[in-house]
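As given, the protein sequences belong to chains S and P, one line each in that order. Basically the working numbering = 1-based index in the first sequence + 27. Basically the working numbering = 1-based index in the second sequence + 27.
Don't take each hint at face value.
To be verified - Restraint-style ranges between C-beta atoms, simulated for each label pair:
1. S:H32 to P:G255: 53 to 61 Å
2. S:S196 to P:Q139: 37 to 45 Å
3. S:G282 to P:V152: 31 to 39 Å
4. S:S196 to P:G177: 52 to 60 Å
5. P:P82 to S:Q188: 38 to 46 Å
6. P:P82 to S:P82: 35 to 43 Å
7. S:D105 to P:L160: 41 to 49 Å
8. P:V152 to S:Q214: 43 to 51 Å
9. S:D105 to P:Y237: 33 to 41 Å
Simulated from the structure, these hints should not be mistaken for lab results. From the three backbone atoms N, C-alpha and C, an ideal C-beta is built for every residue, glycine too.
2 protein chains.
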Amino acid sequence: VTDQHPFDVDTALAGSEPSFSATISDRWTVGGGHANGGYVLSVCLRALQRLLDKPDPLVVSAFFQRRVMPGPADVRVDAGRSGRRLATGEARLLQGGRELVRVVASFADLSQASGPTVVSGSAPVLPPPQDCLDLFSRELPGESGLAAPGIAGRLECRTPQLPGWLQGSPNGQARAEFWMRLAGDRQADTMMLPGLVDMAVPVVFELGHYGTTTIELSVHVRARPAPGWLACRASTRYLIEGYHEEDFEIWDSTGRLVAQSRQLALLG
Amino acid sequence: VTDQHPFDVDTALAGSEPSFSATISDRWTVGGGHANGGYVLSVCLRALQRLLDKPDPLVVSAFFQRRVMPGPADVRVDAGRSGRRLATGEARLLQGGRELVRVVASFADLSQASGPTVVSGSAPVLPPPQDCLDLFSRELPGESGLAAPGIAGRLECRTPQLPGWLQGSPNGQARAEFWMRLAGDRQADTMMLPGLVDMAVPVVFELGHYGTTTIELSVHVRARPAPGWLACRASTRYLIEGYHEEDFEIWDSTGRLVAQSRQLALLG
Numbered sequence: 028v029t030d031q032h033p034f035d036v037d038t039a040l041a042g043s044e045p046s047f048s049a050t051i052s053d054r055w056t057v058g059g060g061h062a063n064g065g066y067v068l069s070v071c072l073r074a075l076q077r078l079l080d081k082p083d084p085l086v087v088s089a090f091f092q093r094r095v096m097p098g099p100a101d102v103r104v105d106a107g108r109s110g111r112r113l114a115t116g117e118a119r120l121l122q123g124g125r126e127l128v129r130v131v132a133s134f135a136d137l138s139q140a141s142g143p144t145v146v147s148g149s150a151p152v153l154p155p156p157q158d159c160l161d162l163f164s165r166e167l168p169g170e171s172g173l174a175a176p177g178i179a180g181r182l183e184c185r186t187p188q189l190p191g192w193l194q195g196s197p198n199g200q201a202r203a204e205f206w207m208r209l210a211g212d213r214q215a216d217t218m219m220l221p222g223l224v225d226m227a228v229p230v231v232f233e234l235g236h237y238g239t240t241t242i243e244l245s246v247h248v249r250a251r252p253a254p255g256w257l258a259c260r261a262s263t264r265y266l267i268e269g270y271h272e273e274d275f276e277i278w279d280s281t282g283r284l285v286a287q288s289r290q291l292a293l294l295g
Numbered sequence: 028v029t030d031q032h033p034f035d036v037d038t039a040l041a042g043s044e045p046s047f048s049a050t051i052s053d054r055w056t057v058g059g060g061h062a063n064g065g066y067v068l069s070v071c072l073r074a075l076q077r078l079l080d081k082p083d084p085l086v087v088s089a090f091f092q093r094r095v096m097p098g099p100a101d102v103r104v105d106a107g108r109s110g111r112r113l114a115t116g117e118a119r120l121l122q123g124g125r126e127l128v129r130v131v132a133s134f135a136d137l138s139q140a141s142g143p144t145v146v147s148g149s150a151p152v153l154p155p156p157q158d159c160l161d162l163f164s165r166e167l168p169g170e171s172g173l174a175a176p177g178i179a180g181r182l183e184c185r186t187p188q189l190p191g192w193l194q195g196s197p198n199g200q201a202r203a204e205f206w207m208r209l210a211g212d213r214q215a216d217t218m219m220l221p222g223l224v225d226m227a228v229p230v231v232f233e234l235g236h237y238g239t240t241t242i243e244l245s246v247h248v249r250a251r252p253a254p255g256w257l258a259c260r261a262s263t264r265y266l267i268e269g270y271h272e273e274d275f276e277i278w279d280s281t282g283r284l285v286a287q288s289r290q291l292a293l294l295g
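Whole structure, please, built from the sequences with the hints as guidance.
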């Protein structure tokens with residue numbers, strides 16, 4: 028029993044560099060019973076934040092080589108260059124001595140960023156969250172909801188209209204715009220964003236493909252998010268012989284881009 | 028003196044895993060006298076191809092921690108999981124014992140890819156290369172041109188119209204579509220594509236910013252390219268406090284997407 032949010036409890040580490048111990052929770056599992064990749068990435072980033080002397084994961088690349096199951100894990104870290112502006116390091120997550128995930132990241136202090144700004148994209152245009160549909164149609168947040176296994180209990184999603192796939196008729200358009208936040212009154216920060224881009228339902232669901240596995244995920248964190256709901260935009264433009272990218276943007280409640288990601292995934 | 032193309036000569040390795048020796052050539056330098064990141068990445072991928080039992084670099088992430096200068100370098104490799112479909116490994120490029128670049132990549136055999144294809148993007152619409160302008164306005168290819176130092180001598184670019192920045196008036200639109208190929212009759216292959224996405228002039232030039240440094244580059248190779256010119260599309264949508272992404276697509280002469288990349292870079 029703890030007052031801490033599941034995101035913080037379930038990414039906690041014991042030990043010290045170069046090797047930390049983690050416990051992969053069953054609260055972030057997906058269909059196959061393994062842990063969501065975004066959650067596993069968050070565990071690895073926590074180890075990197077301990078290693079590096081900068082607070083914000085500016086750019087992250089994660090290779091998901093094998094599925095991660097609930098239970099004990101080791102996270103081994105290794106420092107690269109630490110400069111004035113950027114500090115780079117690597118984390119490998121292992122279970123039973125086998126390497127499952129390899130993450131390289133450069134951390135920075137985004138509060139120190141200064142330079143020109145020219146933005147040609149724009150935030151998703153969505154009705155306010157209270158006028159949208161709850162994608163999971165569950166009562167949230169609540170102690171029982173938060174304690175339930177599975178990542179659906181960790182997230183709140185609000186969409187202007189019900190997705191086609193959820194009504195049994197995928198609409199053929201692999202793109203979506205929606206609100207998202209973690210359930211349970213935990214505001215987003217830069218450490219959460221790289222995981223969050225991998226937690227929503229894959230947009231290839233709208234092409235009628237309900238199973239897909241992330242091979243690699245790259246995330247750019249562009250700013251510290253303001254409190255409140257996050258406006259998200261996901262799209263897949265190129266599904267080619269089973270392989271597809273998914274691009275994801277997260278905009279904060281003040282209309283600022285805070286994260287941008289791309290992953291390569293394989294159907295099935 | 029050799030019949031081999033500079034791309035092949037200048038990415039050649041001596042030694043064997045886990046440590047190769049390379050010679051960084053001055054034929055791929057950019058303004059500051061250091062080597063272009065795409066070329067350095069190609070050297071690292073060549074080491075990974077020797078390590079891994081799959082032919083095509085399916086997905087690649089490179090962290091450029093320090094500039095790489097012409098001269099000797101070591102490339103140290105380390106294998107991750109090797110499965111039926113994917114083989115993952117890592118390469119670190121060092122000069123004088125200092126790590127400069129770290130690359131993680133998953134290789135696959137793209138000739139074995141099978142699965143659904145749904146493409147919603149489309150190739151750049153460009154006049155034929157012979158009706159476009161030669162961006163570098165030089166006589167190419169030719170023995171002297173190919174022997175000249177600097178990456179401009181390695182590339183051929185053809186654009187429908189002269190970029191604004193080249194006429195001294197950046198047009199404010201950080202996007203471009205153009206033809207590209209290596210100079211000197213060397214057809215593209217999947218080993219060349221991850222480097223090629225980083226060899227064109229950055230599109231932030233059209234915002235009036237003429238210096239930018241890649242922090243991380245992620246590339247998805249989606250198919251083996253057909254012979255001929257490559258149609259390219261580059262764009263930067265979010266320049267925020269000096270940091271910007273650059274997205275890059277390469278389409279082959281049959282109108283097929285063959286590579287897609289995103290990098291995070293910092294002005295100055």
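Hint check:
1. At roughly 55 Å, the beta carbons of H32 (chain S) and G255 (chain P) sit within the given window of 53 to 61 Å.
2. Evaluation of the 37 to 45 Å hint for S196 (chain S) and Q139 (chain P) yields a failure: the beta carbon distance comes to about 33 Å.
3. For G282 (chain S) paired with V152 (chain P), a C-beta distance near 33 Å keeps the hint of 31 to 39 Å intact.
4. The hint said 52 to 60 Å for the Cβ distance between S196 (chain S) and G177 (chain P), and at roughly 56 Å that hint holds.
5. Judged by the Cβ atoms, the range 38 to 46 Å given for P82 (chain P) and Q188 (chain S) holds: they are separated by roughly 45 Å.
6. Between P82 (chain P) and P82 (chain S), the C-beta spacing of about 41 Å keeps the proposed range 35 to 43 Å intact.
7. About 47 Å separates the C-beta atoms of D105 (chain S) and L160 (chain P), a value consistent with the hinted range of 41 to 49 Å.
8. The hinted window of 43 to 51 Å between V152 (chain P) and Q214 (chain S) holds, with their beta carbons roughly 45 Å apart.
9. The given range of 33 to 41 Å is respected by D105 (chain S) and Y237 (chain P), whose C-beta atoms sit roughly 35 Å from each other.
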